[in-house]
Amino acid sequence: MATTRLTPTVSIYARRVLPNHWDGVAFVLIIALFALAGYAARQMTVPLSVATASPVSLDPGRLPDYALRTTLRMLLALLASLLFTFTYATLAAKVRRAEVLLVPLLDILQSVPILGFISVTIVAFMALFPGSLLGAELAAIFAIFTSQAWNMAFSFYQGLRTLPKDLDEAARSFRLSAWLRFWRVEVPFAMPGLVWNMMMSMSGGWFFVVAAEAISVGHTTIRLPGIGSYIALAIERQDLAAIGWAVLTMLGVILLYDQLLFRPLVAWSERFRFEQSAGEAAPSSWVLIVLRRARLIQALATLPRRLARLTAAAATTPPRARRAAANGAGRELIGKAVWYALIAAGIAYVVWRVTTFLAGGLGTGDLVDAGLAGLATFVRVAVLIALASAVWVPVGVWIGLRPRLARAAQPIAQFLAAFPANLLFPIAVFAIHRFALDPDIWLSPLMVLGTQWYILFNVIAGASAFPTDLRYAAANLGVRGWQWWRRVILPGIFPYYLTGAITATGGSWNASVVAEYVSWGDSKLAAYGLGAYIAKATETGDYSRIVLGIAVMSVFVILCNRLLWRPLYLFAERRLTLD
Amino acid sequence: MALVEGKDLLDVRAIRQSFRKPGGGDLSVLEDVNLALREGEIVGLLGRSGSGKSTLLRLIAGLNRPTGGDIVYHGEALHGPAKGIAMVFQSFALFPWLTVLENVELGLEALGTPEREMRKLALAAIDLIGLDGYESAYPKELSGGMRQRVGFARAIVVHPDILLMDEPFSALDILTAETLRGDFLDLWCEGQMPIKSVLLVTHNIEEAVLMCDRILVFASNPGRIAQEIRIDLPQPRNRADIAFRKTVDSIYIAMTEKSGEAARRTHTERFPGTGIATVLPRISINVLAGLLEAVAAPPYHGRADLPVIASALNMEIDDLFPVAETLQMMRFAEVAEGDIRLSKAGLDFAQKETEDRKRLFAEHLLTYVPLAAHIRRVLDERASHRAPMSRFRDELEDHMREDLAERTLRAVISWARYAELFSYNDQDEMFSLENPT
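Quick mapping for you: the protein sequence lines, in order, are chains Y and U.
So in this note's numbering, the last spot in the first sequence is 579, and the numbers never skip.
So in this note's numbering, the last spot in the second sequence is 437, and the numbers never skip.
Simulated from the structure, these hints should not be mistaken for lab results.
Per the computed footprint, the stretches of chain U lying under chain Y, defined by three or more beta-carbons under 8 Å from a beta-carbon of chain Y, are:
1) 60-71
2) 96-102
Below, computed lysine to aspartate or glutamate pairings styled on DMTMM-like, alpha-carbon distance capped at 25 Å:
3) Y:Lys536 x Y:Glu236
4) U:Lys140 x Y:Asp166
5) Y:Lys165 x U:Glu141
6) U:Lys140 x Y:Asp168
7) U:Lys83 x Y:Asp166
8) U:Lys196 x U:Glu206
9) U:Lys246 x U:Asp186
10) U:Lys344 x U:Asp356
11) Y:Lys165 x U:Glu402
12) U:Lys83 x Y:Asp168
Since the structure is predicted, the reported quantities are computational estimates derived from the model, not experimental observations.
Ideal Cβ positions, reconstructed from N, Cα and C, are used throughout, including at glycine.
Using the sequences provided together with the hints, build the complete structure.
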């Protein structure tokens, strides 16, 4: 049971105290990268005819095959994310100069609504492999990758940076080579946090894979065989039964995936947990038990270790002593100056490129448009998160204080968080259409449909972890009713609630791109907001507006994080913990 | 063992270590330390926390580089962790995801030892240290004592010349520590361990006398070797032995003289001017009152032998000395020649009720702790009677390291709260004169 394992996420946020101006640098770089990709995409006028290359059918018998393909994309993206994590985070943690740039970069990347950019990446990837679906496949995988990689890299970076001093000293005094140290000390230490973040990433990933498989950009429509395309076709043909089949299949897929991959992983990673006490019930997994008892698998499992040992013998460059802080050198300063000058030059260049790109088709009027739309989406997100909190905090507390119930409810909440809510959109849209409801209001709940569960299961985790003696003390003092909520339980679960609310908010911003602009057959429903703004720009292939929309949304998300969530986090860390 | 005077294994020559202070300038933690480690001896580095003994051990382990001076091992200057030097950690520093066997094998693996050989050596070390049967256990399944045995096995398995031990028994309960120490000494005296010499960091005087052939007593500010003491008692040594007790007493006296002198200096002479720049230890008022009461009560009646009162209260020198020194700084007691003697005010305090105690404490705090008086004065002078903590923190950081400044302020805050001299709000980090009514 991975219920109370929220510390990694918590500490990730709490520890980010890096110089803020680097965030600006990172922001510029990322938006510039998108602008350049969009620019490249605009250059490609070649009509892509792959849309008809492999037709998707609505036959439910094809669904297992589609599910398999969708899952395969997920796994490939996860693999790519792992590779990225091991290299990027290691570089950030080990090379001081890389760190000042890489870490803020990651922070901003987390805030970019990548869903809005699938269109651009698809066109760019397809240009790499003209005439085949491989480009579209890669683009879909890339989209999932972008939804998974950042927080994994962050957690691994935190793991590397927070390796306890005595373990570091032991590793160095036993002269472990960098390679051996990485695999035997650093990776294991970072593992529980990494696995937890992988799980969160995958939950988010289902949402993206469904959105990324079927996409139309301008005149190009791409349908990769998979559940997402199946749903898209069902929407086009207005086939409610087919949507029902797809939802059922997805439920099965996520259940299998949870049982076969993630339960075992979480249970396995438990032994890397640093606390050296055998406290609380350890998570368990029947799959892991089976694997552990299988002799062949066990033999295979020692392979990486043997490999590591072989390479370790080859690479025995012993570590060097570290210098005390007092021994600064002049040459160091010059190197630093050159490095910063290089970064500054790079920034100046990309700022110039971005402005010329955006200035090509846009004026200040567009900026105001996008800003106002962003404000509308912001209000929507804020109201919905508040509503979801009002519902799920009491429910979560109620469940969390009942251990047996919590054990049963927790996996369900996690499961619901992993389920791609966009599969359910058509049903809602059908209803809105049928009863002629106002899309500005009734499309909004779709944004939190999938993300509200993060609030629920974090609150459950917080309430389960609430110290029993404090509960008894409160009861003994006769604290009841509103006073009990205000003085006892709400402060107790607040850090957990924050983790959930932050995840939910980020997810909702992202979801707005698909939730504010939906279709059912030929009819389209749009709510006024930034998500719809981006979605419409995507449909017409208007790259300038896509980039602008994404930039504005990123600014909103970053401001939210800086001005609201981070101060709250620091407050929670300082006031609501007892040590 | 002490009779076998071997050749020099390791030479520490004129080692200096300093760190840069946040406000600029260097803070010296080790100054001109010289020592030679010879084959066949156990050398103890004894001192209070903060005297730089652990820093020195880490320099010898090659984990940090000294600011000045050389560490010569096998005729060559040390530039990083050396092959023949292994370390045992206070916190054990076991890798929780590796089994006992894997933990022990790790050092060999780093050396590129062939697998078969590795297994043989590891099992031999596990056997020697008394861990037989625990090979496949994970550290979290073991008790503290067993964990530290793994720490020992892991260190000796690489057959080091020198074993560095950083307070290896201080994280264990008294009984377990005693057993482990005994087992270690037995193996050492029988020559069963594949090591040539041991360097032991400790703050426990009895432990040092029990185990070492030579003791180097460290003094603080900056850390340096104040005294070298040879222990010629035969092994196994007996704590109840008169010669043993005498040695312990004499080290106590030597250390209180040093600290007494330091405490007197800390008042004002050391930092001319305001005198606010004294580093204060964070000692709870309950502990201060506790020691005053204990010494005032029979059978001591205001005067006690430090080793005696330490063992009666179950405190180690690291716990006891700062308390005694704080009492001395506030003129509630005097520490000299291994004794603590209460002043009239100290005896008064011990007999009074809460309100009177607070008054007396406030008086002494204002008179003898310049920082407390300083903060109070600033608050009195300001019309708002409020001042931010940062104002005083900046002042302190001109003279001391950031963390010490923080600690000093926290100490003053907690004493002033008890004395009701001024109040402090952690929320906005403000000092004020107001009290919640």
